[in-house]
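Colleague: Combine both chains into one complex, guided by the hints.
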Amino acid sequence: MLDAFQDLLAELATRRALRAEFRRDPASVLSSRDLDARERTALAALPAAALERYAASLVAKRWTDVRRIVPSTLRVYPRFRERYRAWALEHPAPLTDSVLPPGPKEALRALDPLRSEILRDPSLAPYTADLLAYEVLAACARSDGVLRTMSSLYPMHEIVRELRGPCIPIDPEPKKTLIRFSRTGARWKAV
Amino acid sequence: MNRAFLGAGISCRPRYTAALIRAADDPLRESERPSVLEIIPDHFATRLDTLSQLSAHYPTVFHDVGLSIGTLSGTEETRKVNRARMDRVKKLMDCARPLLFTEHLAMTHSPSGIDLGHLAPIWYTNRMLERTSDHVRAWQDAFGVPIALENIAAPFTLPEADLTEPEFFTQLVERTGCGLLLDVSNQLVNARNQGVDPAESLNGYPLSAVWGVHLAGGYKNRGVWVDSHDREVEEASFALLLQVSKRARDLLTVIIERDEQLPELHQLVAEARKAEQVVRS
Numbered sequence: 027m028l029d030a031f032q033d034l035l036a037e038l039a040t041r042r043a044l045r046a047e048f049r050r051d052p053a054s055v056l057s058s059r060d061l062d063a064r065e066r067t068a069l070a071a072l073p074a075a076a077l078e079r080y081a082a083s084l085v086a087k088r089w090t091d092v093r094r095i096v097p098s099t100l101r102v103y104p105r106f107r108e109r110y111r112a113w114a115l116e117h118p119a120p121l122t123d124s125v126l127p128p129g130p131k132e133a134l135r136a137l138d139p140l141r142s143e144i145l146r147d148p149s150l151a152p153y154t155a156d157l158l159a160y161e162v163l164a165a166c167a168r169s170d171g172v173l174r175t176m177s178s179l180y181p182m183h184e185i186v187r188e189l190r191g192p193c194i195p196i197d198p199e200p201k202k203t204l205i206r207f208s209r210t211g212a213r214w215k216a217v
Numbered sequence: 009m010n011r012a013f014l015g016a017g018i019s020c021r022p023r024y025t026a027a028l029i030r031a032a033d034d035p036l037r038e039s040e041r042p043s044v045l046e047i048i049p050d051h052f053a054t055r056l057d058t059l060s061q062l063s064a065h066y067p068t069v070f071h072d073v074g075l076s077i078g079t080l081s082g083t084e085e086t087r088k089v090n091r092a093r094m095d096r097v098k099k100l101m102d103c104a105r106p107l108l109f110t111e112h113l114a115m116t117h118s119p120s121g122i123d124l125g126h127l128a129p130i131w132y133t134n135r136m137l138e139r140t141s142d143h144v145r146a147w148q149d150a151f152g153v154p155i156a157l158e159n160i161a162a163p164f165t166l167p168e169a170d171l172t173e174p175e176f177f178t179q180l181v182e183r184t185g186c187g188l189l190l191d192v193s194n195q196l197v198n199a200r201n202q203g204v205d206p207a208e209s210l211n212g213y214p215l216s217a218v219w220g221v222h223l224a225g226g227y228k229n230r231g232v233w234v235d236s237h238d239r240e241v242e243e244a245s246f247a248l249l250l251q252v253s254k255r256a257r258d259l260l261t262v263i264i265e266r267d268e269q270l271p272e273l274h275q276l277v278a279e280a281r282k283a284e285q286v287v288r289s
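Going down the list, the protein sequences come from chains D and L. Going by the working numbering, the first sequence opens with residue 27, and the numbers climb by one from there. Going by the working numbering, the second sequence opens with residue 9, and the numbers climb by one from there.
Keep in mind that the hints were calculated from the coordinates and are not lab data. Note that beta-carbon positions come from the ideal geometry of N, C-alpha and C, so glycine has one too. It is possible that part of the hints are untrue.
[Claimed, not checked] Cut-off 27 Å, straight-line C-alpha distance, at most; resulting in silico cross-link-like pairs (DSS-like, lysine-lysine): (1) 228(L) with 87(D); (2) 98(L) with 88(L); (3) 88(L) with 87(D); (4) 215(D) with 202(D).
[As the list claims (entries may be wrong)] A short list of chain D residues far from chain L (calculated; beta carbon distances all over 12 Å): (5) 35; (6) 49; (7) 57; (8) 148; (9) 154; (10) 174; (11) 184; (12) 188; (13) 195; (14) 197; (15) 199; (16) 211.
[Claimed, not checked] Selected chain D positions facing chain L (in silico; Cβ < 10 Å): (17) 34; (18) 36; (19) 40; (20) 42; (21) 69; (22) 71; (23) 72; (24) 77; (25) 87; (26) 170; (27) 209.
Bound-form chain L, shown alone (with noise of 0.2 Å):
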């Protein structure tokens, strides 16, 4: 593959939409237009008219948070589940034309049905490898767009794996073809909590195939660092996108992430355009 950067851009919350719509077609407000948009389904879910609008005005991506790639097979309830959430993202990307489909590495729901409604760490074994790359294939067959992965922030490792994330990273992104999202900002927190230096625990992850990267800001709570997405993005965080984009050459897109606190939108703005800054400089 051999994409050309579309720059830096921010992750489309409800609050912003009329905003973005308006800051399109308005000189005035350059500053509220970023390069991107990353759209998670569930926000629009019955908004495809503000997602047509939106995809009419933005290149998009598209960042799903509940199709639990790492859950192994399920009951057939929770595959009809899967199934319908599926036929509901496609319908989506039908409208909105990403260029790209991203979702986390990891468990979402267990195999008989329990939701965890967040991210899970998946156990990193040759036999998760072989179900995790069929997900992919499967994906790719029915949206027919690119496919990256992300790390997470691991609340815990499952222990006695065949494989280090980077690993399996690398593994997959082998067998399948597919990207990598990574979250630099989830990476600095798991290597401040693993007490490693986070610029060489980069090393091993298969960093050409990084297609985009999540930005967020965190905290530390109780000696434990939290990727809270709740405040601006750390100095150390954009250290990393830099180290990382002079070895991602087919990366697409950087996406700032900002779930709580949101600030006004030209300040979300200005922070993707810093990052835009790093991977051009």
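Chain D on its own, in the form it takes in the complex (with noise of 0.2 Å):
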């Protein structure tokens, strides 16, 4: 029974709408685990506004970690934090076995999700989901020296050097590339 004390300690802390549901009505919550009495009644006595703010603590710890990797993603796209937000307070991470730091391990978690959403916005410039991936892929590849490759329809090695000076590119020119990262950095191919 301890084992879904635990479990349900930590849905709570990671699942939105379960908090939202506990909020509303606990005795339902709790009545659809395994818990005994002493059990039901701890986890009925946590401060709500105390597990929201560990809640928020926990996604924001994450996105410490993340947006060190996507610094380029971010001059595009400022408000990539409120996605990746929306995102995260939704879908707890799985415990998986794995040699990358939190940073680029939490990245690369998020990245297909994340990419589709972005690739839907019209209103961002049509580079930035690719943007994305090229920093993701990189900062894993570096970390962990396995090797990772991205197509795309635009010259990403040529958008992420000039988002290293002032400006941002508005309309790049397609040009369908094949980018191959390592430990050692990115190369990259037309195609």
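Modeller: Structure representation (structure tokens):
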């Protein structure tokens, strides 16, 4: 039963919808789990404000790690934090075995879903999703030395280089490229 | 146990590794040379060569953040991930030969495998005490070095407990022979948030079993103190360190932790030296 207690505590800390349901109807949430009376009493007495603060701090901590590896994406898309946060609040991280440090590991977990969301957002520069992928895959390959590749409709190496300066590319000429990331850096070729 | 105080040091961050290696043999870089380094295994999982260089020059202690000693048991899958992590940590320890292995008295993942990515308080019950003691003994066997557990900055306290946190630590030390890594800055944050006197809040902890101390900066946000690790250590933390060091007869190290707004290496080492003076005063 203590397993169920710890599972529910972790779920409450990582699922916004479940916390809302727990606030509305704690008895219903508690009765759906294999808990004894004492465990139910302890969880019911959890201070809601502190739990909410804790949940926010978990996402904030992950964001602190993620933001370090996506500086160019943040220049092009300053509100990326809000998109990541909204996604992370509903998607608890599964425990996985990885040698990646927390930032690259979390960014890689979020990459596919956030890349898809960004691709559907017409208000963003058309290369934003690929820029995110470029920075995340580069950081992962730098960390663990595993070769990773991506293709893009845009010359991402040129865009990344330009972003190191004061300008943000507005409407880059499409040029399909294949990029390979390794521990030592990124190589690309036109395809 | 009767150990000599090694000195105070810093928790090693990737940004500092090159400078630390340079400073090791350079008499002109003495101000960048801490007495001891704390190693976080995650930072070196694929950098065994760097770890090897650092540990050749500095005494090390290991500090892990993901073994989740407070998770009760778990599924086969979570146990498998834990075993892989332990094997990796052990490999790094074989390389660096640290003097101490430390972890948090906390849960970082649930039994069914939700990775919290940070520390959750554990429930101070007799059952948890039994299971945590089992885990400590298993680590002692696996790692072959002394183990010390750290008090966390508690985001909340789980009600209906059998023991207080100081009682839980005391029992754990008595049952397993482990030590306490006392984060006095966490203690300061907890005491302030609970409205108790920080100095008095130390009473009840097994201070004679404190083998390590952590110091870090924090701040108050919307009425709540946070252990942010992004600024200098407060004088109030140094005052608590002085109080602890008088009773911790086996104190081995004091470590300055900094994760954000990283200063120049010599500035962090200067903070460590201040802590060292406090202990030796």
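Colleague: Taking the numbered hints from earlier one at a time, note which ones the structure violates and give those numbers from smallest to largest.
Modeller: 5 and 20
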